[in-house]
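Asker: Residue numbers (the numbering used here), protein chains in the order written: chain A, 1 to 255; chain B, 1 to 314.
Hints may contain errors.
DSSO-like, lysine-lysine: derived pairs with alpha carbons at most 30 Å apart [claimed, not checked]:
#1 K219(B) <-> K90(A)
#2 K69(B) <-> K90(A)
#3 K184(B) <-> K90(A)
#4 K69(B) <-> K246(A)
If you want the ones that stay clear, here's a sample from chain A, every Cβ over 12 Å from chain B, calculated [claimed, not checked]:
#5 N15
#6 A16
#7 Y57
#8 S91
#9 G136
#10 L141
#11 V160
#12 E168
#13 L169
#14 F170
#15 L181
#16 I191
#17 V198
#18 W244
FYI, nobody ran anything at the bench for these hints, they're computed from the structure. Glycine included, every Cβ here is placed at the ideal spot set by N, Cα and C.
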Amino acid sequence: MSLSARHTLSVWRRNASLYRRTWKVNLLPNFFEPVFYLTAIGIGVGAYITEMGGVSYVEFLVPGLICVSAMHGASFEVTYNVYVRLMYEKSYSVIVTTPVSPDDILIGEVLWAITRASIYGGGFFIVAGVFGLIPGVSALLAVLVIPLTGLMFASIGIAVTLRMPRIELFSFYFTLFLTPLFLFSSIFFPIDERLSGVWLNVAEVLPLLHPVRLTRAAFAGEATMTSVWDASYIIVLSLGLLFWAKGTMRKRLSS
Amino acid sequence: MQKTPNDTQPIIEARGVTKTFDGIEAVSGLNLTVPPGICFGLLGPNGAGKTTTLRMLYGVSEPSQGQIKIFGMDVGRNTRAVRARLGVTLQDNVMMENMSSRDNLFIHGRHHLIGEALLAQRVAELLEFLEIGADADKKVLKLSGGFKRRLSIAMSLINAPELLILDEPTTGLDPAVRHALWSKIRGLKGDGKTILLTTHYMDEAERLCDQVMIINGGKAIRQGAPRQLIEDELYPNALEFDCSSEEEQRLLEGASELVKLRTGTRLMVFAKDTEQILTRLQKLDGGNRRAAIQRPANLEDVFLAVTGTHLEDG
Ligand SMILES: Nc1ncnc2c1ncn2[C@@H]1O[C@H](COP(=O)(O)OP(=O)(O)OP(=O)(O)O)[C@@H](O)[C@H]1O
Ligand SMILES: [Mg+2]
């Protein structure tokens, strides 16, 4: 069985129904977090650092933090939540008694993770707008980068989750993978200015670097060949991982 | 709803179905034919391979060998089309615990792509049919086991299936709930649905099933109508009493044409006429000292006899 758009949508809707039940509790933290970041770092740290990358420090931070929000939104969904549905609640075992296929479930979950990423990243974007930190019309293009960031971290996360032996090990995924990405992907300082030679190429491996750079390009209103490379990286990595995860999902739900 | 091309075509047809897990055969060489409109029981002890068989039938698990046709279609190739026309109640209740029964039914129905208007109508009907209407809007986690089981069955009926697959529908439920569920299952059969269920309760199988198959260690060991199996395997009457193996010889001396079945100190004797044996027993003992029970032979006796409890022909 392959992919069917309408069946995939039924999986997305299942998650959306559950989220809607508790949307107030789910939605509010998405707005508090950016407010805390922007006040603490904008007003606090920003008082000591007057400029970075040609803009005020708080303006420098906004593009990266939007991507980080999207990354976290997608990651929680496809790690803990998918793992619980797979191993504890056994939700998929009842879904596969209907015409919904394992492929539909995989893509339905990814679409839902993209939705969560968009709610998180979009929340940050709106708060930044309220703070007057969205520089111009071109920055609206960054709204397109949010779901792309969601797609990439949903794909990475779900590929990991389908092979995860124990739920406790997710803490390694967060502390040894997502946290370093958060710290070294040109969010707090331009990483390329700290590196030289071959290390510049090595840094290109960091997944989060690409959406951050794309968002910055949108904020600055100048797309370059690097933007094409960044977008290609995100799409190719995501599709590759999803293709691989497809086989694993089929195996996990059959046997 | 689609009709099968002709009415005599079996709903389920499985040929030589085998499932191997890490070199061990959980199901081996199973042949199964279920005609339309009947209730078929798959009986077997824990680990016999009942659930594994069902999973292959609805196409979640691929057989290591053999062919399966449901509604005349190959399950592996026409999985979506087959599943659209069947409903499955899993052995464990799997539902969204934080949502209500009504929500669970709606969400499950959407996986079948049922339009919202028709879905609302089906949900209302099923809430009434399984008598869960009163608590339809309570969170599932607050409901009793019997209630959850009824909801599980309701979910598997949301697509108005022609074939209903029930994996141990009444395990762990109290007698009143079991009786209520049995009458629902009979009602569904009356509506023309074909039902395949698994159970290790022989009274359940005897009450509900037109045909049963007893499996053990993944192999079919007996198949037929419950009454027929009892007739074929045993004599119509049973006498149960406690006695040691040594005493047995003395107590049953002279009695012929009987089948004996022993579980520990309890001996069951099957014969055409158990009255005679009972009279002799009471004479030798000087009264009914062994808590002897006389009753008709049942499917449970057959099950114990054919799944390995020690059986001797006398
Ligand atoms: N995915 C699996 N991997 C390995 N072995 C399995 C798997 N599923 C089932 N088995 C084994 O296959 C055998 C049959 O299991 P199955 O669940 O079909 O039995 P059952 O008749 O449904 O038993 P029960 O009455 O306990 O539900 C068991 O020995 C079980 O351990
Ligand atoms: Mg079972």
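Asker: Does each hint fit the structure? Answer for all of them.
Answerer: Structure-based check of each hint:
Taking the CA atoms of K219(B) and K90(A), the gap is near 28 Å; set against the 30 Å cutoff, the hint holds. Between K69(B) and K90(A), the direct Cα distance comes to roughly 27 Å. Compliance with the 30 Å bound is thereby established for this hinted pair. For the hint linking K184(B) to K90(A), the alpha-carbon distance of about 27 Å falls within 30 Å, and the restraint holds. At roughly 26 Å between alpha-carbon atoms, K69(B) and K246(A) fall within 30 Å of each other, so this suggested pair holds.
With 12 Å as the threshold on Cβ separation, the claim that N15(A) sits away from chain B is violated: the shortest Cβ distance comes to roughly 10 Å. Here A16(A) does not stay apart from chain B, with its beta-carbon only about 10 Å from theirs, under the 12 Å limit. Distance to chain B confirms Y57(A) as a non-interface residue, since its nearest Cβ pair spans about 42 Å, more than 12 Å. For S91(A), the requirement that its beta carbon stay farther than 12 Å from each beta carbon of chain B is not met, with the minimum near 7 Å.
Every beta carbon of chain B lies more than 12 Å from that of G136(A), the smallest distance being close to 42 Å; the non-interface claim holds. No beta-carbon of chain B comes within 12 Å of the beta-carbon of L141(A); the shortest separation is about 34 Å. With 12 Å as the threshold on Cβ separation, the claim that V160(A) sits away from chain B holds: the shortest Cβ distance comes to roughly 24 Å. Here E168(A) stays apart from chain B, with its beta-carbon at least about 23 Å from theirs, past the 12 Å limit.
The Cβ of L169(A) lies farther than 12 Å from every Cβ of chain B, with a closest approach of about 24 Å, so its non-interface assignment holds. At the 12 Å boundary, the C-beta of F170(A) stays outside the reach of chain B, the nearest C-beta of that chain being 21 Å off. For L181(A), the requirement that its beta carbon stay farther than 12 Å from each beta carbon of chain B is met, with the minimum near 32 Å. With a least CB separation of 42 Å from chain B, I191(A) remains clear of the 12 Å interface cut-off, as annotated.
No Cβ of chain B comes within 12 Å of the Cβ of V198(A); the nearest lies about 47 Å off, and the non-interface call holds. Taking the minimum C-beta to C-beta distance to chain B, about 20 Å, the non-interface status of W244(A) holds against the 12 Å cut.
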